[in-house]
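Q: One-letter residues, chain by chain:
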Amino acid sequence: MAVESDVMEAAGPYDRARALSAFKLGDITFYWITRACAISVLLILGGIIISLIVGAWPAMREYGAAFLWTQRWAPSADPPVLGALGPIYGTLITSVIAMMIAIPVGLGIAVFLTEICPLWLRRPIGLAVELLAGIPSIIYGMWGFFVLGPFLANTFQPFMISIFDGVPVLGAIFAGPPSYLSLFNASLILAIMVLPFITSISVDVFKTVPPVLKEAAYGVGCTTWEVVRNVVIPYTRVGVIGGIMLALGRALGETMAVTFIIGNSFKIQSSIFAPGTTISAAIASEFAESDGLHQSGLILLGLLLFVLTFFVLAAARLMLMRLEKKAGN
Amino acid sequence: MNPIYASRRRKNVVIKFLCLCAAAFGVTWLALILFTLFYNGLTGLSLQVFAQDTPPPGSTEGGLRNAIVGSIIMTVIGVGIGAPLGLFAGTYLAEYGKHDKLTSVIRFINDILLSAPSIIIGLFIYGAIVVPMGGFSAFAGCLALAVIVIPVVVRTTEDMLGLVPNPLREAASALGLPRSLVIRRIAYRAARSGLITGVLLATARVAGETAPLLFTALSNQFFSLNLTKTMANLPVTINNFVQSPYAYWKELAWSGALLITLTVLALNIGARILGAERTSK
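If you read the sequences in order, they're chains A and B. Position 163, counted from 1, in the first sequence is what full-length UniProt numbering calls 163; the numbers after and before it change by one each time, with no gaps. Position 61, counted from 1, in the second sequence is what full-length UniProt numbering calls 61; the numbers after and before it change by one each time, with no gaps.
Everything labelled a hint here was simulated from the structure, so no lab data went into it. You may find that some hints are simply not true.
Distance condition first, Cα-Cα at most 30 Å in a straight line; then the derived DSSO-like pairs of lysine-lysine [unchecked claim]:
no., chain 1, residue 1, chain 2, residue 2
1, B, Lys98, A, Lys325
2, A, Lys24, B, Lys101
3, B, Lys16, A, Lys207
4, B, Lys101, A, Lys214
5, A, Lys214, A, Lys325
6, A, Lys325, B, Lys11
7, B, Lys98, A, Lys24
8, B, Lys98, A, Lys207
9, A, Lys207, B, Lys11
10, B, Lys250, B, Lys229
11, A, Lys24, A, Lys207
12, A, Lys214, B, Lys229
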């Protein structure tokens, strides 16, 4: 509280001018400190972009755009051949499957929490879902590795494989052999991880629906489902999509939950029960032991991931901002 | 009854049931994860875990002391750097630049950094700190954590200061208090529990972060307090032990996971209780 005593002393009746100038100095200093800190947020983003580009430059010069559609990843070959197609494919496919599971379930929980659930149960279930969001991703990864992976490989995968065996396209998607480490297991863990994001944002945007609208719909005899379908969802569509995009951004960049369980194989296989890799998993498992062109290639992968998530997250934020404006009016 | 009514009602019941299933599905995962964590973690949890350092390969003598201490040090320093920076930046957004262009740009960028993949932050610190400094260091890990803390604190600070009623500021200004003191003495005090909530949430977020530490702080088999060298930490130790062939290492990994999860859940619940106090006042 040194500042306080200084100010108090200076503010005596005989030294008004000095007190005022002390105030002014303090004011200006504080203003510039906060402003500098605010601008440092921009500097962090700039630093991320610059350091990624500098690190990725050798690989960019060596491989050019062909990096994007080369499948072979052979860092120890001479000269090393690096292609990002495998990780890009794995990133996209795991995120898409994860979202296919998480969107209906997440929205279902949100509808349950806002429309169906008895009041006394709302807080505990809401809290449980939010705590699920707080669990560190390495715990999910570990749990997937020790518990979920073996379970899926022993029960769920053989079941799906036997059902779809011989069916034209689906047979290839669900082809064996069952494995602890697979794209599907990683997708399921991702789905569980992003579920809370979708739910909590959907609950928030569902709450922005004016009660009068819902009451009017109930008043003319709509069922709960009809109110949700025809009033709540249309009113909050932009916000819900924004929340989904936000979750997609998370899923694309999620690292530890996926690394343990995806198998780290750069080969693209048609079966979702086969091992694969994602951009973040490739970086996490290879970066510490890499050097030279290999390391630069991994940083280039990181740059790709950053650009991808940047656009997804930017789109999500723009949509959520549009909804906020609407709610503000 | 009119068949249309019956079918509408049936549809409603089916959908309601599906929503119930979805909620049960979500809660079941939480229960399952916590159950396996406690089941596997508690058996290995003993005084030894806190008193001894991580064991060499194959040994069954050892604990997680160095990793626990390292994690605490790095989290505290990371939050210590990131939280004040985020607090001031959030102050600027909420108090000074509420309506200017710069603020909306910063807010937008901050929201993106908030959900940017943490492994990218690790790559950034690797390129910006580890390479120029010539080696992995605990300090680089602290900075990586700080970069993750900043957006969280900026966001909550801005939101919480936004909740402080304006008449409070106007009254203080009318008494002749300069702007910076209005913010520090009035707005901060009114929003105090909210600001602490933000810092707690940020701490919870970084306490279990693994990806940015993988190639900044690395890990260390021995006890070390030197910030310029690699330092053991719980998340990376768990990461290494899970994939090892030794049963005792896996047991330790479960104990470490239980410790991290309990810490993070406690921080989250603490933050929520503080937040709830605020709204009920």
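Q: Taken at face value, is the distance from the CA of A/Lys207 to the CA of B/Lys98 at most 30 Å?
A: Cα-Cα ~26 Å, so holds.
Q: Given the proposed pairing of B/Lys16 with A/Lys207, does the C-alpha separation stay at or below 30 Å?
A: 19 Å, holds
Q: Given the hinted pair B/Lys98 and A/Lys24, is their Cα-Cα distance within 30 Å?
A: At roughly 21 Å apart (the allowed maximum being 30 Å), A/Lys24 and B/Lys98 satisfy the hint.
Q: For A/Lys24 and B/Lys101, compute the direct alpha-carbon distance and say whether it is at most 30 Å.
A: Satisfied, since the Cα-Cα distance of roughly 25 Å is no more than 30 Å.
Q: Sort out whether A/Lys325 lies within 30 Å of A/Lys214, counting only the CA atoms.
A: Distance of about 21 Å is within 30 Å: holds.
Q: Given the hinted pair A/Lys214 and B/Lys229, is their Cα-Cα distance within 30 Å?
A: 60 Å, violated
Q: Would the pair B/Lys98 and A/Lys325 pass a check requiring their Cα atoms to be no farther apart than 30 Å?
A: 15 Å, holds
Q: Does the structure keep B/Lys250 and B/Lys229 at a Cα separation of 30 Å or less?
A: 26 Å, holds
Q: Hint check: A/Lys325 vs B/Lys11, CA-CA at most 30 Å. Holds or violated?
A: This hinted pair is violated, its Cα atoms lying about 34 Å apart.
Q: Starting from B/Lys101, check that the Cα of A/Lys214 is at most 30 Å away, please.
A: Measuring from Cα to Cα gives roughly 37 Å; hence the hint is violated.
Q: Hey, A/Lys207 versus B/Lys11, does the alpha-carbon distance stay inside 30 Å?
A: Roughly 24 Å separates the two Cα atoms, so the pair holds.
Q: CA of A/Lys24 to CA of A/Lys207, is that 30 Å or under?
A: Violated, at roughly 44 Å.
Comparing the model with each numbered hint stated earlier shows that hints 4, 6, 11 and 12 do not hold.
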